[in-house]
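K.L.:
Work out the full structure, taking the sequences as your base and the hints as a guide.
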Amino acid sequence: MNVARRKPIQTGKFCGVLLVLVLAFAGFFRLVDASLLVDDPRLADGQFLTLLLVPVISAGLMVVIVFETVITGYKAIQADASVADQLTGRLGYVTLRGAEAGTAVAGVLVMVAIVPTLFADGTPAPAGVGLLLLLLVIGGGILVLSLLRSFAELVIYR
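Residues in the sequence shown are numbered consecutively from 35, following the numbering used here.
It cannot be assumed that every hint is accurate.
Capping the alpha-carbon separation at 20 Å, the derived lysine to any residue pairs in SDA-like fashion look like this [stated by the list, open to error]:
| # | residue 1 | residue 2 |
| --- | --- | --- |
| 1 | 41 | 127 |
| 2 | 41 | 108 |
| 3 | 109 | 121 |
| 4 | 109 | 119 |
| 5 | 41 | 187 |
| 6 | 41 | 130 |
| 7 | 109 | 94 |
| 8 | 41 | 57 |
| 9 | 109 | 52 |
| 10 | 41 | 103 |
| 11 | 109 | 122 |
| 12 | 109 | 90 |
| 13 | 109 | 130 |
| 14 | 109 | 93 |
| 15 | 109 | 132 |
| 16 | 41 | 109 |
| 17 | 109 | 191 |
| 18 | 109 | 120 |
Simulated restraints, written as ranges between beta carbons of each label pair [as the list claims (entries may be wrong)]:
| # | residue 1 | residue 2 | range |
| --- | --- | --- | --- |
| 19 | 167 | 37 | 34 to 42 Å |
| 20 | 67 | 112 | 46 to 54 Å |
| 21 | 111 | 67 | 48 to 56 Å |
It should be emphasised that the hints constitute simulated quantities derived from the structure, not laboratory data.
Just so it is clear, CB atoms sit at the ideal spot from N, CA and C, and this is done for glycine as well.
P.N.:
Here's what the structure looks like:
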């Protein structure tokens, strides 16, 4: 509980991402009924709702990740120790943070490049489903890496 008080934003991010992943898993495998949340029967299908929401939520999370990375970089530059010493001092954490930020930015750029193809008139339905699944995998990867980094920051690298 002490960690939650010291790092409330990181704790909230961890809990939010975990909740999204659990709900996405439950929706995709139809363990919950989304018609309780959505009135439109086309969107009430848990699989379709998951295919739509996971990429959108992960794109929003990318903004948070980039913002955190910029603030951390600014603090590292302003600190008394050299940036090189700070980077090599916690190499595992720096690697995890870099992987999270790089995957988030690259993943969202790929998602933005895929969306026009998804809505093109010549895209057949099976290809559209495949593109939606690709968006789900990319968004899920961003969420999982963010969850791992938040967990590492809360538990391992206090």
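K.L.:
All hints are to be evaluated individually against the structure, with a verdict given for each.
P.N.:
Cross-check of the supplied hints:
Between the alpha carbons of residue 41 and residue 127 the distance comes to roughly 16 Å, so the proposed pair stays at or under 20 Å and holds. Of the pairs offered as hints, the one joining residue 41 and residue 108 holds, with about 19 Å between alpha carbons and a cut-off of 20 Å not exceeded. A distance of roughly 12 Å separates the Cα atoms of residue 109 and residue 121; the hinted pair therefore holds under the 20 Å criterion. Taking the CA atoms of residue 109 and residue 119, the gap is near 14 Å; set against the 20 Å cutoff, the hint holds.
For a cut-off of 20 Å, the pair hint linking residue 41 to residue 187 stands: about 9 Å separates their Cα positions. For the hint linking residue 41 to residue 130, the alpha-carbon distance of about 18 Å falls within 20 Å, and the restraint holds. Distance hint between residue 109 and residue 94 is unfulfilled; the C-alpha atoms sit about 23 Å from each other, more than 20 Å. Proximity of residue 41 to residue 57 is assessed by CA-CA distance (about 24 Å); at most 20 Å being required, the pair is judged violated.
Restraint check: the Cα-Cα separation between residue 109 and residue 52 comes to about 28 Å, which exceeds 20 Å; the hinted pair is violated. Restraint check for residue 41 and residue 103: the C-alpha separation of about 16 Å stays at or below 20 Å, so the hint holds. With a CA separation close to 16 Å, the supplied pair residue 109 and residue 122 stays within the 20 Å bound. For the proposed pair residue 109 and residue 90, the alpha carbon gap of about 29 Å is over 20 Å, so the pair is violated.
Taking the CA atoms of residue 109 and residue 130, the gap is near 18 Å; set against the 20 Å cutoff, the hint holds. Between residue 109 and residue 93 the alpha-carbon distance is near 25 Å, which puts this suggested pair outside the 20 Å criterion. Using a Cα cut-off of 20 Å, the hinted pair residue 109 and residue 132 holds, with the two alpha carbons roughly 16 Å apart. Proposed proximity of residue 41 and residue 109 is supported: the alpha carbons are some 16 Å apart, at most 20 Å.
About 17 Å separates the Cα atoms of residue 109 and residue 191, which keeps this hinted pair within 20 Å; it holds. Distance check on the hinted pair: residue 109 and residue 120 sit about 11 Å apart at the alpha-carbon level, within 20 Å; holds. A beta carbon spacing of about 36 Å between residue 167 and residue 37 agrees with the range 34 to 42 Å that was offered as a hint. Distance hint check for residue 67 and residue 112: the Cβ-Cβ separation is about 50 Å, which falls inside the suggested range of 46 to 54 Å.
The hint said 48 to 56 Å for the Cβ distance between residue 111 and residue 67, and at roughly 50 Å that hint holds.
Consistency with the previously given hints fails for numbers 7, 8, 9, 12 and 14, ordered from lowest to highest.
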